[in-house]
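Undergrad: On the provided structure of chain D, position chain R as indicated by the hints.
So the chains spell out like this:
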Amino acid sequence: MATYQEFIQQNEDRDGVRCSWNLWPSSRLEATRLVVPVSCLYTPLKERPDLPPVQYEPVLCSRANCKAVLNPLCQVDFRAKIWACNFCFQRNSFPPSYAGISEVNQPAELMPQFSTIEYIVQRGPPTPLIFLYVVDTCLEEEDLQALKESLQMSLSLLPPNALVGLITFGRMIQVHELSCEGIAKSFVFRGTKELTPKQIQEMLGLMKPATSGQQGKPLAPHDTAASCRFLQPVEAVDMNLTDLLGELQRDPWPVPQGKRPLRSTGIALSIAIGLLEGTFPNTGARVMLFTGGPPTQGPGMVVGDELKTPIRSWHDIQKDNARHLKKATKYYEALANRAAVNGHSVDIYACALDQTGLLEIKCLSNLTGGHIVMGDSFNTSLFKQTFQRVFSKDYNGEFRMAFGGTLEVKTSRELKVSGAIGPCVSLNTKGPCVSDNEMGVGGTCQWKICSLTPATTLALYFEVVNQHNAPVPQGGRGAIQFVTQYQHSNTQRRIRVTTIARNWADAQSQIQHIESSFDQEASAVLMARLGVFKAESEEGPDVLRWLDRQLIRLFMFHLRRSPFLQVFNNSPDESSYYRHHFVRQDLTQSLIMIQPILYSYSFYGPPEPVLLDSSSILPDRILLMDTFFQLVIYHGETIAQWRKAGYQEMAEYENFKQLLQAPLDDAQEILQTRFPMPRYIDTEHGGSQARFLLSKVNPSQTHNNLYAWGQESGAPILTDDVSLQVFMDHLKKLAVSSSA
Amino acid sequence: MNVNQQPHMASPYGQPQPGYQGYPQPGYGGGHVPSGYPAQYAPYNGPGSAYQQGPPQGMRGPPTSGAPPVSGAQSYSQFGQGETQNGPPPMGAPPQRPPVSQTYTPGAVNLSGPQPPFSQQFGAPPVSMQQMTNQMASMQVGSTAPSPAGPGYAPPSVSQAAMSAPYTPAAPPSFPPTSAAPSQPPPTEAVARPPPQSYYGAPPPAQQPFPNAVPPFSSTGPTQPQAPPPVSPQSFPQAPPVSQPPFSTAQVPPGPTQSYGGPLPPTQPSFSRPLLPTSQPSTFPAGPPPTSTPSQLPGVMQPQPPVSQPSPYHSGPHPTSTGFPPQVGAPPRPPFAGMQGPPMAPQGPPLASQGPPMVQANHVPPTQPGMPPGPISASMSGPPPQPGMQGYPPQQNGAFGQVRGPQPGYTGPYPGQPNYGAPPAAPAPAPPATKRLDPDSVPSPIQVIEDDKANKGSEPFTTGVRGQAPPLVTTKFQVKDQGNASPRYIRCTAYNMPCNSDMAKQSQVPLAAVIKPLAPLPPDETPPYLVDHGESGPIRCNRCKAYMCPYMQFIEGGRRFQCGFCSCVTEVPPHYFQHLDHTGKRVDCYDRPELSMGSYEFMATVDYCKNNKIPQPPAFIFLIDVSYNAVKNGMVGIVCQELKTLLDYLPRENPDVESNIRVGFVTYNKVLHFYNVKASLAQPQMMVVSDVADMFVPLLDGFLVNVSESRVVIESLLDQIPEMFADTRETETVFGPVIQAGLEALKAADCAGKLFVFHSSLPIAEAPGKLKNREDKKLVGTDKEKSLFQPQVSFYNTLAKECVVQGCCVDLFLFPNQYVDVATLGVVPTSTGGSIYKYTYFQASSDQERFLNDLRRDVQKPMGFDAVMRVRTSTGIRATDFFGSFYMSNTTDVELAGLDCDKTVTVEFRHDDKLSEETGALMQCAVLYTSCSGQRRLRIHNMAVNCCSQLADLYRNCETDTVINFFAKYAYRSVLSSPIKNVRDSLVNQCAQILACYRKNCASPSSAGQLILPECMKLLPVYLNCVLKSDVLQPGADISLDDRAYLRQLVSTMDVSESHVFFYPRLLPLQKLDVESISLPVAVRDSEERLSRGGVYLLENGLNIFLWVGVNAQQELLQNIFGTPAFGQIDPNMTSLPALDNPFSKRLREIIESVRAQRSRYMKLMVVKQEDKLELIFKHFLVEDKSNNGGASYVDFLCHMHKEIRQLLS
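Sequences listed follow chains D and R, in order. Just so you know, we're using UniProt numbering here: the first sequence kicks off at 1 and counts up by one. Just so you know, we're using UniProt numbering here: the second sequence kicks off at 1 and counts up by one.
Quick caveat, the hints were computed from the structure, so don't treat them as lab data. It is possible that some hints are incorrect.
[To be verified] Take a look, some chain D residues computed to stay more than 12 Å from chain R by CB distance:
#, residue
1, Ile-82
2, Ala-108
3, Leu-110
4, Glu-521
[Stated by the list, open to error] List of simulated lysine-lysine pairs, BS3-like, C-alpha gap at most 27 Å:
#, chain 1, residue 1, chain 2, residue 2
5, D, Lys-148, R, Lys-772
6, R, Lys-770, D, Lys-198
7, R, Lys-770, D, Lys-193
8, R, Lys-610, D, Lys-259
9, D, Lys-259, D, Lys-198
10, D, Lys-198, R, Lys-678
11, D, Lys-259, R, Lys-747
12, D, Lys-430, D, Lys-330
13, D, Lys-193, R, Lys-801
14, R, Lys-801, R, Lys-644
15, R, Lys-747, D, Lys-193
16, R, Lys-613, D, Lys-259
17, D, Lys-81, D, Lys-67
18, R, Lys-1164, R, Lys-1203
In this text, all values refer to a predicted model and were calculated from it rather than measured experimentally. Note that beta-carbon positions come from the ideal geometry of N, C-alpha and C, so glycine has one too.
So that you can see chain D by itself, here it is in the shape it has in the complex (with noise of 0.2 Å):
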């Protein structure tokens, strides 16, 4: 048998899920103990190009309750032409097309390595995806230049019959009609007062007139011709939307001194999702929201214009001084489940050097699926190629993005489904899979993932219900089944089921198995999202006494220090961003989130990953740091000074030069991969930005410490945060001095 490490890498590449533990135990009791809960990572889009999709309808267990889809792990009768549903055991009958299988002809969904397989399936009329341009256009001059440059390109990337539409604001709200030659039409909206969708679409023309008295004439052609207005083919209005977007004016109302831009950011989403809300209900839709700063008019408001008021920090936020926190929150997340309930995502890229918002804003991406992507100005490549990727296209020269998912968890009887952390939001399903105790969003087996990419992980929780008095007969296997039903971005509809099993294991006999079961990164991740989960909604401190409590025997350090759960530096803004990030990335990506990776290049040898601590940095080494976030290059001290002179000029110090292109080629590689855009910076020892370094390295040199840890003794640290080894000696003498 393969190691536990391979079966997992195995089980990843095939399915997609990390689970934290391979051996479940038993018993409510045992799995309780274990303090990391049975639970996994899925990515439900995972790439697999070795993976055909079946043109066929999945064939689905007849118990109304149940509908599991029909796996490799089902027990069949091929002369009986009769299946037993692993889940709730109801035996069903084969569908007629069925009648052929026997043993050698099975259908792909019973082959065990088809645990993972991919349904096209028809469902009413294929429907293009939408995409909502809505723009900001209280911007420097030279910022709405740039974006509208991107948007500009942008529809050259976007498939030709998506549909696509424009809503600028500043103070005020235009939705353009795409539709109209000549005159370009458009409909203004006042950036205060909130609308009902009702109130939206009637001004927007979208509703059908009550009067006109034909009662029974299917309201469809009418419903179109209007919402086409607003969103059209781009093969259709290429042209016309390009000289739009190219005669886009910065907001003409006049800013006075010591004022903010009024930007009406809260009522131009409402509109939008009103707009899609009353022409696509249930369609894959993207609204994408260009901000270059925070809104400040209107619902929704996070600041209000005077510079004087600086926008809220954590120190308001904490003294409970942000005036418009909490309205604006619970306005954006009004919307968010709008748009969540009708399978609009909604992507934000806020480009601006102040925050702008993102923390009230966060949920409309956070609960629908979409991007969130943070810069300092659209003039920035960071911005321009992180928006480019957006439209990547995978190996089939297709989108990297689905819409209008829906995930189901079908559990064996012994387990029940707690809850789920990722850019979902319940729909609320009950059945009889579902734990009445929550972790993440829970009480339900079905959620919405209104858009994923390939990447996007969820992170599942799952409580073991068997009580303890019932043992699993022994060699049972526990049983999740994941369907995701999705609309892909050719616009079929697809279902993808992914079944996997685990062995029940009896946590008292079989202790070393369970523990040699465990996935510590999945753990870790796993662990960690919950941890930011609480954290959005918990305040700061409990939550890390909760992980300190729960977690006190895992390797938590760089957690803790990480932005996802420390508020310290960073602005609400930030912190939402790198929250966002977390919670959907997969395993691999959310490791380098927490714990960043640190190369070292120097001549003495290749490139090697070393600790991520002050003693690694050192003057004759070039650093390559990747937080995911950002990609730090840092050129030790005689380096620096060695690049400074031109020696890498010279041809006689080739050598040096290869030196400092190797980390620039390596940070490219990851540059290709990345979405978002990492922040790229590239620096040097006493360099200002060399602070993004630091303040992730393991101060185990502080200006005040005893410790010659490393005895090159790299760069001091100035900090009052404890080192790691601080950190292990505490945990050690608690570990031992406490059970619990």
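TA: Just chain R now, with coordinates in the frame of chain D:
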């Protein structure tokens, strides 16, 4: 009443005539004839014709310029006869008369007709009328009968010829009915004429002088008098002869002729005839005329011919004989005198002159003898009456005093006058009233107008003399600003204000000024000079803040000045110091407009600007309804098409520079569409705002643009708007948000401006200011009727207030197919100095021209923005009430978001203290506004009027047209708060009080049954009646509530000339049109009786033009006008006349154009065929007739008035 009056009327007339004859003949005859008969004639003719008619009717005769000169003449003659007869009967005068009449007759007839009765009572008008008639007659006659006359007349006749000729022909036929006696008349005429001429021959000399004098006179005092004088002289001379002849011809017409004939030759016979003829004659005979004439004549006579007439009636009762004589004598003379008085003009000091005449008049009774006894005697009653007349005259004179001022000279020449005076008095006898008043016997507006034209139209009106009444609005005249504002800017109801409130209360004469601050001036008058007092701003009184003006008295060598308004002494700032000359005037007085002119402008400094910021140039925003109705009726297309060119003609101060005004465009139905037309755009951008509940402006930059910069984009937009909405199905509209949108746009741009809203339907879409259809005709006539004039929601009042604060003026163009609730929609326009235009059932084909012309004018007309008007007055009076289209947030400042050149504000004054005769009453109207180039300016109009401690002075110097303007506005506003019946009653009551007060305090004693009107108010009853029977105050079943609300609001901003023609439409007989002449034919009175079935008439009231075609119109005429000889083939739907290549057609179209050019709104032409359905509408404008919705006829109303007055007196 009627009867009495009538009788009176009649008698007076009759008497007057005789008297006149006598008088005129002697004096006049000679003078007139010899003098420029022709010339004078011509003008007279007009009046004359009217006159004659007037006479016939009796008292009213004068007013009744009655179209048919002939008839007029006849009537006159009748009067003459009648009177005579009357006179005779009682007095025994008759006998005298006959003889006299014979002799005089000729003269008398002419004279009397015109002058005596009329002049006295009616004032000049009658005279003129008669003269006219006479002339007319002469024309005809000339040819036929009296050879003598012929020659003399010939010339004049020629001029008139055209007119008269056609007329006569026409007349005869029509008249025939009446003219039972025709045959007789003719003879009479013939007979009479000769004599008259001869008589005239004699008189002329005297008259001549008068005539000359007259002109000036006319200006001052009773226009009529003047007119008459000149005319009379001429006419007289002619008249006598002519009249007779004409009569004969005229005779044909009705009784008048007969009577005439009777009177003239065989007075008595005529008499009998008159009786025969009809009531008219009888009336006359009644003698009232005489009486009235006398009384009136004397005093009023010349000055206030009309008034006098009434009185004559009363007088009638008096000794007929006397009455007669007086009338004759007095009336004629007075007029003459007056006329002559006018001539006084030369005399300058009218008063003085008057005095004399007056005196004489008064004395006259005795004087009569002095007077050409001949005439008097002829009149028979003459002498006695004359005395009376004279007696009256004083009164009148008193009243006229000023007017007459010129007369002083008169006195001299007058000798005869005394006689006149006398004659009038006599008339009294007339009592035996017949049933009905002869319409021709009542004061004729036409006569008054024509007289004024003749008397005052020729010389420039200089404003230097305080308390001088300007010519009537119907008179063309030039103004020279010599220290008081031109009457084009300010007209007052009274130019002699009572010194104290007791007098004011007693007289009930409203003290008001009708101010049109930005009135356009004819090209030959200089616009107000612009004065810049530098950075410290205009120099003002320290206390009352009045602006520097000619009334400031510099003292202490010029170091200080004393305010003429509050007497406060203020230091002269060093930079403004100037030495005084020996008279105490500043040396630079004539270099500075503010020290020597009545009107001028100051440059305002930043202190006079809102928020102390120099204003931005104003903006025009066009808001176009694009709902189904608006698109379908073609409005949208037309507006867009027109705007493309119209935008090049935005108002500008310097024609060489582009206008600074920026423009913006909005279309709307249930939602609003704003357009970005920034110059840098390739295509306009449309921005839809559907959130009408909370209106805002979606864009800043690019909404308001400079036309020349954005021309391409704007044109592209205007091209596309009609296309974009061509297929619209949206029928609902909003309205409140539309105005809000414009307002917000102006707010955002921080400027003032004007909104042009083109709207089609009742705003029923869900939005602020949503309205419901509340049209409920059942409420008409109930106490709730007033609610129909009130806005149905208060939203618009609030909105209007906001608009005013921002300086947002709203002009509303309505294109309704059904009820749109003008009363509510109009709230904002009428509170912001805007206008409402209404095109009901708009159809591009027929209404396009009218709409476009209105639009063009509205866009181009000069205007000021964000204006505040303040009227300051001398201590003693105070501006207490304001009428017009504006908003007031306090009691003194009239706030006008926009003030264009057509907007008029009527201001009422009340006493709060005493005024002194010495200083008079001063008023200064200051309007602070932003010019179309964005300059902040102050326009100052100064006006000084006299003060009087005698009621007679007050009554001598009033302007009836202005009074009516005030009454109309007052009443139209009252309907908002009171039941209409109450409003009507209070109008009648106040009017009665005015007249009763005059009767009681100013008129010479006479029988209670006599109606005596002040000369300058003799048209008050007829005009008042027009107001009372206007659609607002007395609606017919066919008039919609919207129309009433529309008219109500329209009238509130009318100036005097507009209100005048609105209430008393101008009716021009076209069959008399002289294609060679540049002058218009003389109008005829607004009565169906005056229409000849063979004629074609043009009627205009400032809003509509009707071309009425009689069924018997000559084929040639029809051919010339319509290009078809057949009456039946005339298309009643045509809105413009075919351009035919014949002089008549050309001239007619010219006339129509020129008439249109005079009005602020383009008048659509409607062709009305006699006996066609449309005629009902047309008849509605014949305001002297009984209207089919219950409005009284002029005659009936006059009787009613008389009754009221008598009640007040008793």
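Undergrad: All the hints need checking, so say for each whether the structure fits it.
TA: Tested hints:
Consistency note on Ile-82 of chain D: stated as away from chain R, and its beta-carbon is indeed over 12 Å from all of that chain's, at 61 Å minimum. Against the 12 Å criterion, Ala-108 of chain D stays outside the reach of chain R, whose nearest CB is about 53 Å from its own CB. Separation of Leu-110 of chain D from chain R is adequate, the least Cβ-Cβ distance of about 57 Å exceeding the 12 Å criterion. The Cβ of Glu-521 of chain D lies farther than 12 Å from every Cβ of chain R, with a closest approach of about 53 Å, so its non-interface assignment holds.
As the CA atoms of Lys-148 of chain D and Lys-772 of chain R are separated by approximately 48 Å, the hinted pair breaks the 27 Å bound. Between Lys-770 of chain R and Lys-198 of chain D the CA atoms are separated by roughly 21 Å; this keeps the pair inside 27 Å, and the hint holds. Straight-line distance between C-alpha atoms of Lys-770 of chain R and Lys-193 of chain D comes to about 21 Å, which keeps the hinted pair within the 27 Å bound. In summary, the hint linking Lys-610 of chain R to Lys-259 of chain D is supported, as the alpha carbons are separated by about 25 Å, within the 27 Å threshold.
Distance check on the hinted pair: Lys-259 of chain D and Lys-198 of chain D sit about 33 Å apart at the alpha-carbon level, beyond 27 Å; violated. Simply put, Lys-198 of chain D and Lys-678 of chain R have alpha-carbon atoms about 33 Å apart, too far for the 27 Å limit, and the pair is violated. A distance of roughly 20 Å separates the Cα atoms of Lys-259 of chain D and Lys-747 of chain R; the hinted pair therefore holds under the 27 Å criterion. Taking the CA atoms of Lys-430 of chain D and Lys-330 of chain D, the gap is about 26 Å. The hint holds against a cut of 27 Å.
At most 27 Å may separate the alpha-carbon atoms for a hinted pair to count; Lys-193 of chain D and Lys-801 of chain R meet this at roughly 24 Å. For the suggested pair Lys-801 of chain R and Lys-644 of chain R, the alpha carbons sit about 32 Å apart, so the restraint of at most 27 Å is broken. Only pairs whose Cα atoms come within 27 Å are accepted, and Lys-747 of chain R paired with Lys-193 of chain D is accepted, the gap being roughly 20 Å. Simply put, Lys-613 of chain R and Lys-259 of chain D have alpha-carbon atoms about 23 Å apart, close enough for the 27 Å limit, and the pair holds.
Restraint check for Lys-81 of chain D and Lys-67 of chain D: the C-alpha separation of about 18 Å stays at or below 27 Å, so the hint holds. Distance check on the hinted pair: Lys-1164 of chain R and Lys-1203 of chain R sit about 40 Å apart at the alpha-carbon level, beyond 27 Å; violated.
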